[in-house]
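Undergrad: Since the structure of chain Z is already known, use the hints to place chain L on it.
Protein chains in written order, with our numbering: chain Z, 412 to 671; chain L, 505 to 745.
Derived from the structure by calculation, the hints contain no laboratory data. Zero decoy hints are in this set.
Derived pair list, reagent style DMTMM-like, types lysine to aspartate or glutamate, alpha-carbon separation capped at 25 Å: (1) L:Lys590 <-> Z:Glu477; (2) Z:Lys540 <-> L:Asp588; (3) L:Lys590 <-> Z:Glu539; (4) Z:Lys453 <-> L:Asp678; (5) Z:Lys419 <-> L:Glu540; (6) Z:Lys573 <-> L:Glu587; (7) L:Lys677 <-> L:Glu587; (8) Z:Lys573 <-> L:Asp588; (9) L:Lys530 <-> Z:Glu447; (10) Z:Lys577 <-> L:Asp680; (11) L:Lys732 <-> L:Asp524.
From the structure, some residues in chain L lie toward chain Z, with a derived Cβ separation under 10 Å: (12) Arg560; (13) Val586; (14) Glu587; (15) Asp588; (16) Pro592; (17) Gly593; (18) Glu633.
Cβ coordinates follow ideal geometry from the N, Cα and C atoms, glycine included.
What follows is each chain in one-letter form.
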Amino acid sequence: MTIVPSIKRDYLAKLAKNGKREDGRAFDEFRNIEIETGVVSKAEGSARVKIGNTQVLTGIKMGIGEPYPDTPETGVMTTAAELIPLASPDFEAGPPRENAIELARVVDRGIRESQLIEVEKLCIEPEEKVWLVFIDIHILDYDGNLFDAASLASLAALMTTKVPAKRFELGEDYPLPIKEPPISCTSVKFNDVVVMDPSLDEEEIAEVRLTVATDKNEDIRAMQKGLNGSFTRDEIKKVIKASIDNGKKIREQLYKSTGK
Amino acid sequence: MKSEIKLFENGKRLDGRMPDELRNIKIKAGVLHRAEGSCYLEWGGNKVMVAVYGPREAIPRHTQNPLRAIVTARYNMAAFSVEDRKRPGPDRRSREISKVISEALESVILVEKFPRATIDVNIEVLDAEAGTRCAGLTAAAVALVDAGIPMKDIPVACAAGKINDQIVLDLGKDEDNYGSADLPIAISPRTGEILLLQMDGHLTQEEFDKAFDFALKGCHIISDLQKKAILEKYQSEAGGI
Chain Z
412 MTIVPSIKRD
422 YLAKLAKNGK
432 REDGRAFDEF
442 RNIEIETGVV
452 SKAEGSARVK
462 IGNTQVLTGI
472 KMGIGEPYPD
482 TPETGVMTTA
492 AELIPLASPD
502 FEAGPPRENA
512 IELARVVDRG
522 IRESQLIEVE
532 KLCIEPEEKV
542 WLVFIDIHIL
552 DYDGNLFDAA
562 SLASLAALMT
572 TKVPAKRFEL
582 GEDYPLPIKE
592 PPISCTSVKF
602 NDVVVMDPSL
612 DEEEIAEVRL
622 TVATDKNEDI
632 RAMQKGLNGS
642 FTRDEIKKVI
652 KASIDNGKKI
662 REQLYKSTGK
Chain L
505 MKSEIKLFEN
515 GKRLDGRMPD
525 ELRNIKIKAG
535 VLHRAEGSCY
545 LEWGGNKVMV
555 AVYGPREAIP
565 RHTQNPLRAI
575 VTARYNMAAF
585 SVEDRKRPGP
595 DRRSREISKV
605 ISEALESVIL
615 VEKFPRATID
625 VNIEVLDAEA
635 GTRCAGLTAA
645 AVALVDAGIP
655 MKDIPVACAA
665 GKINDQIVLD
675 LGKDEDNYGS
685 ADLPIAISPR
695 TGEILLLQMD
705 GHLTQEEFDK
715 AFDFALKGCH
725 IISDLQKKAI
735 LEKYQSEAGG
745 I
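One chain only, chain Z, in its complex shape:
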């Protein structure tokens, strides 16, 4: 954690009091989002997502392995995130720490619990052979809101993934079977204001964080509260509303850039 000088903290709080943010956005406004798919040729699917200056690259690799004994007819997915030292002066090399693990698990849950990947279609031979889906998230440039960038990059990568059947002599390659993606939107609160899509500075002075994933029908599919502060009931309602509104726009962009 870098030390935000108290001057900066006061500055952001003062701006917020006047209804402003450092980069001129409205409280419920996302930074500009760019989605680019098919960026890694060795991967079965890949996507680079930029949210403002934050940049995340997700690559999907697939292989064949054994299913878990309790789900003998479904494919297996695993998610790993690496906070590589490329992305920030504070990230260190080595095995994933708490933050990387939380990030990977939140993204994993978003995909797993929404049953985005139709894992029951990834069985080759019950109890013997199923497809394995590896979701690897690389953080390239860190300027806040990794949760949304990582989950959006993973969605875009999965939506453009081709199952490499030919390489394993199982017929022609075909698109990974997937369903409707839930879009996650993160908000943080500091000095009694709630802002959507926090920048790094805002994240560093945040007291509490809330990620809300919503689907096409405006239903809530996943939530995660973080940090040691608290929200009121009213604030949570507002965050959900803003997440649905932003989610709608992001979903449109996601469909457009993945050609769906």
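TA: Just chain L now, kept in the frame of chain Z:
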């Protein structure tokens, strides 16, 4: 096994290149917001991103050198950069490559200017197709310039090798897998000093000389591309002189 595959026919290579022809190379300086200096490089099917942090205090303290800075290059392959998923984290191969690249960079950086400091060079291979160490070092050099690290020269790397008894420049994927020799080098193009030299396979003395000449030639071509990439960034920042 090795010689059974035709890698060189009718004066051309599998991918249609001439013996002394490089793959396509694209270099862009200053691509990351957070890093002090950065570079994105595409070299054939290789895609490499490098970020430079520092000079900053070396931690843990026992790694500090009271007379000069240490250069810590970290070469890392993304799990999805290769055909079969690579387990994340450093293995013996990437540790070795990190070491030889660190040493090559250290010999051009003016390390005496920053006692007790470290200059961290993070090399991420996002897509791999033979020759990643040369791509990594070449991109690292551009990122160091972008970070404003004082250097005697901008180092550059390139490989040559042998396929079906023919010496060729810049081995591609199949040539690397089935060829009979690989010779990656890094030089300081201004003085011609050799900063990195590795070889595996089998070369006669004449073949070595020829391969070395090829690699040198490649280095000089790529050196121009590096300078162009740096100029491109800083000319546009200065308002397009």
